[in-house]
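Residue numbers (full-length UniProt numbering), protein chains in the order written: chain A, 1 to 100; chain B, 1 to 100; chain C, 1 to 100.
Among the hints, a few may not be true.
Computed from the model, here is a short list of chain A residues facing chain B with C-beta under 7 Å [as the list claims (entries may be wrong)]:
1) Phe12
2) Phe32
3) Trp40
4) Asp41
5) Val44
6) His46
7) Ala87
8) Ala89
9) Phe91
10) Trp94
To be clear, the hints were calculated from the coordinates, so they are not data collected in a lab.
Ideal Cβ placement from N, Cα and C applies to all residues, glycine included.
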Amino acid sequence: MVTAYVTAPSEFASELAEALVDERLAACVNHFECRSTYRWDGEVVHDDEVVLLIKTTADRYGAVESRVETIHPHEVPCIERFDARDAFAPFADWVEDSVE
Amino acid sequence: MVTAYVTAPSEFASELAEALVDERLAACVNHFECRSTYRWDGEVVHDDEVVLLIKTTADRYGAVESRVETIHPHEVPCIERFDARDAFAPFADWVEDSVE
Amino acid sequence: MVTAYVTAPSEFASELAEALVDERLAACVNHFECRSTYRWDGEVVHDDEVVLLIKTTADRYGAVESRVETIHPHEVPCIERFDARDAFAPFADWVEDSVE
Numbered sequence: 001m002v003t004a005y006v007t008a009p010s011e012f013a014s015e016l017a018e019a020l021v022d023e024r025l026a027a028c029v030n031h032f033e034c035r036s037t038y039r040w041d042g043e044v045v046h047d048d049e050v051v052l053l054i055k056t057t058a059d060r061y062g063a064v065e066s067r068v069e070t071i072h073p074h075e076v077p078c079i080e081r082f083d084a085r086d087a088f089a090p091f092a093d094w095v096e097d098s099v100e
Numbered sequence: 001m002v003t004a005y006v007t008a009p010s011e012f013a014s015e016l017a018e019a020l021v022d023e024r025l026a027a028c029v030n031h032f033e034c035r036s037t038y039r040w041d042g043e044v045v046h047d048d049e050v051v052l053l054i055k056t057t058a059d060r061y062g063a064v065e066s067r068v069e070t071i072h073p074h075e076v077p078c079i080e081r082f083d084a085r086d087a088f089a090p091f092a093d094w095v096e097d098s099v100e
Numbered sequence: 001m002v003t004a005y006v007t008a009p010s011e012f013a014s015e016l017a018e019a020l021v022d023e024r025l026a027a028c029v030n031h032f033e034c035r036s037t038y039r040w041d042g043e044v045v046h047d048d049e050v051v052l053l054i055k056t057t058a059d060r061y062g063a064v065e066s067r068v069e070t071i072h073p074h075e076v077p078c079i080e081r082f083d084a085r086d087a088f089a090p091f092a093d094w095v096e097d098s099v100e
């Protein structure tokens with residue numbers, strides 16, 4: 001089982017999560033409000049964003065990354081892949097069955 | 001060091017966290033409010049939940065999974081295992097000492 | 001790409017995030033309010049904290065850990081390392097370029 005970690009503007013998060021689940025690229029998405037700190041034009045700034053943890057399969061991770069890149073409003077979105085070392089078997093099966 | 005990633009209904013999160021720490025299956029639990037998007041009866045739905053990050057050891061991960069499965073209100077809860085590549089040694093020692 | 005997972009008191013989180021980005025030890029930091037459950041003086045307690053996910057490189061992870069240890073108010077802070085299995089190339093390049 002694989003999790004895609006993506007940051008996005010708050011107003012875009014639900015739209016992204018819905019598209020990925022609706023298109024069966026993800027079984028489910030957990031999204032969290034967060035505060036991000038980074039350097040912008042030489043200044044250290046804080047921004048309110050949302051982190052989305054997108055639950056998918058190894059086979060479909062590439063398609064998730066491409067889809068996020070296509071519809072994300074940022075030119076260089078944060079998209080990272082984290083692999084679970086193990087998962088509760090019935091849940092892993094549900095993810096497998098939910099993704100095409 | 002190992003983290004169990006579990007989603008749960010908001011009203012159940014503290015009870016689950018307390019049980020795991022009280023029974024020394026976990027050293028500590030960080031829980032976060034989140035919004036989950038998934039397909040239910042053919043519809044894409046949103047739900048408020050909590051994600052729990054349960055800090056334990058490789059030896060006790062199986063016991064954590066079984067305990068969560070037993071007391072969780074969902075039939076197929078999300079339970080995933082993520083292994084830290086490294087951890088601050090004194091903290092890792094504290095986790096080791098806190099878990100039985 | 002590497003993520004340092006650190007818990008901290010709410011009032012300290014922004015200061016820590018700013019220091020790490022300002023000193024170019026991290027490209028960005030996503031911080032989340034959370035509730036932590038753990039044993040303290042034999043009692044199971046709950047506490048409001050912040051989790052910081054610090055985006056850095058494998059080369060600079062050691063320096064991030066040392067810096068957090070130095071300025072963190074806790075004697076034994078939670079500092080864990082999670083490695084991404086993969087990352088969107090332009091984002092990974094941005095992190096590489098942002099960290100010294």
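For this session: Determine which of the earlier numbered hints do not hold for this structure and return their numbers in increasing order.
Result: Hints 1, 3, 4, 5, 6, 8 not satisfied by this model.
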